[in-house]
Amino acid sequence: ATKGVLPPLQLCNFFSSFFFAHHFLHFLLLIFISSQFVGRWYPLLLASNDLESNSAAFIHSIDVKVNSLIFYFTLRTNGECKQVAVFANKLENNKYKLRYPGNNILYVEDADPNDYLLIYTTNKIHGKETKGVELYSRQKGEIVNQEIKKKFEEMYKSYGIKKENVLDLTKTDPCERSLE
Numbered sequence: 001a002t003k004g005v006l007p008p009l010q011l012c013n014f015f016s017s018f019f020f021a022h023h024f025l026h027f028l029l030l031i032f033i034s035s036q037f038v039g040r041w042y043p044l045l046l047a048s049n050d051l052e053s054n055s056a057a058f059i060h061s062i063d064v065k066v067n068s069l070i071f072y073f074t075l076r077t078n079g080e081c082k083q084v085a086v087f088a089n090k091l092e093n094n095k096y097k098l099r100y101p102g103n104n105i106l107y108v109e110d111a112d113p114n115d116y117l118l119i120y121t122t123n124k125i126h127g128k129e130t131k132g133v134e135l136y137s138r139q140k141g142e143i144v145n146q147e148i149k150k151k152f153e154e155m156y157k158s159y160g161i162k163k164e165n166v167l168d169l170t171k172t173d174p175c176e177r178s179l180e
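Just so we're aligned: 153 in the UniProt record's numbering is position 153 of the sequence shown, and the numbers increase by one with no gaps anywhere.
Hints listed in this document are in silico derivations from the structure and should not be mistaken for laboratory results.
Given the structure is predicted, the values throughout are model-derived calculations rather than measurements.
Heads up, some of the hints might be wrong.
As the list claims (entries may be wrong) - Below, a list of computed lysine-lysine pairs in the BS3-like style, where the Cα atoms sit at most 25 Å apart:
1. Lys149 - Lys95
2. Lys150 - Lys82
3. Lys97 - Lys171
4. Lys124 - Lys140
5. Lys128 - Lys149
Said to hold, decoys possible - Here are the in silico distance ranges between beta carbons for each label pair:
6. Ile70 - Asn93: 15 to 23 Å
7. Gln36 - Asn78: 17 to 25 Å
8. Lys124 - Asn94: 32 to 40 Å
9. Pro113 - Lys150: 31 to 39 Å
10. Lys65 - Glu147: 14 to 22 Å
11. Glu109 - Phe87: 28 to 36 Å
12. Lys65 - Gly160: 30 to 38 Å
Glycine included, every Cβ here is placed at the ideal spot set by N, Cα and C.
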């Protein structure tokens, strides 16, 4: 063998070990980053281009499983609230595909895992697309700083959502009692 050159079999083993280690570290990093969002979240402000869907569903907690997140949503239908677990597979850095009827995509637009979560969602079903911008806090009814609130306002406007389609849940959460 030539000095300093690995034989083909050793070279193949080296690259497969490197490939495995790289992907394993990436997998651990994804779990670490995702696990920062685990726990209780309180809805503050919800905006949607479909007023009916605005108060119909919101996140109340997040959990992490192997290669996906689990969003625990509270669904409000005909004045009644129920909890639903929805699995989400990570597609890109901040993009998740929810396993729920329709083509549901959730984007984590901005976050401080100890303070707030700002997300954008789209759902395409039966030829209709619903867009939503949602702001959550770790603290019940607590508005995050004004800079984050301004970012929320800029986001919903950039998606063509009207101010009258913003629901403020800082004072009242219609499904709060069902979570106790």
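Status of the hints after comparison with the structure:
1. Distance restraint check for Lys149 and Lys95: the Cα-Cα separation of roughly 22 Å lies within the 25 Å cut-off, and the hinted pair is therefore satisfied.
2. Our distance criterion of 25 Å between C-alpha atoms is broken by Lys150 and Lys82, whose separation comes to about 31 Å.
3. For the given pair, Lys97 sits about 31 Å from Lys171 by alpha-carbon distance, which is inconsistent with the 25 Å threshold.
4. A threshold of 25 Å between alpha carbons decides the hint, and for Lys124 with Lys140 the separation of about 31 Å lies outside it, so the pair is violated.
5. Between the alpha carbons of Lys128 and Lys149 the distance comes to roughly 28 Å, so the proposed pair goes past 25 Å and is violated.
6. Distance hint check for Ile70 and Asn93: the Cβ-Cβ separation is about 19 Å, which falls inside the suggested range of 15 to 23 Å.
7. Range check, Gln36 to Asn78: about 36 Å between beta-carbon atoms, so the 17 to 25 Å window is missed.
8. A hinted range of 32 to 40 Å for the beta carbons of Lys124 and Asn94 is inconsistent with their spacing of about 19 Å.
9. Range check, Pro113 to Lys150: Cβ separation about 21 Å, and the 31 to 39 Å hint is violated.
10. Distance hint check: the CB atoms of Lys65 and Glu147 are about 33 Å apart, inconsistent with the given range 14 to 22 Å.
11. Here the CB-CB span from Glu109 to Phe87 is close to 21 Å, at odds with the stated 28 to 36 Å.
12. One distance hint, 30 to 38 Å for the beta-carbon pair Lys65 and Gly160, holds here, with the actual separation near 35 Å.
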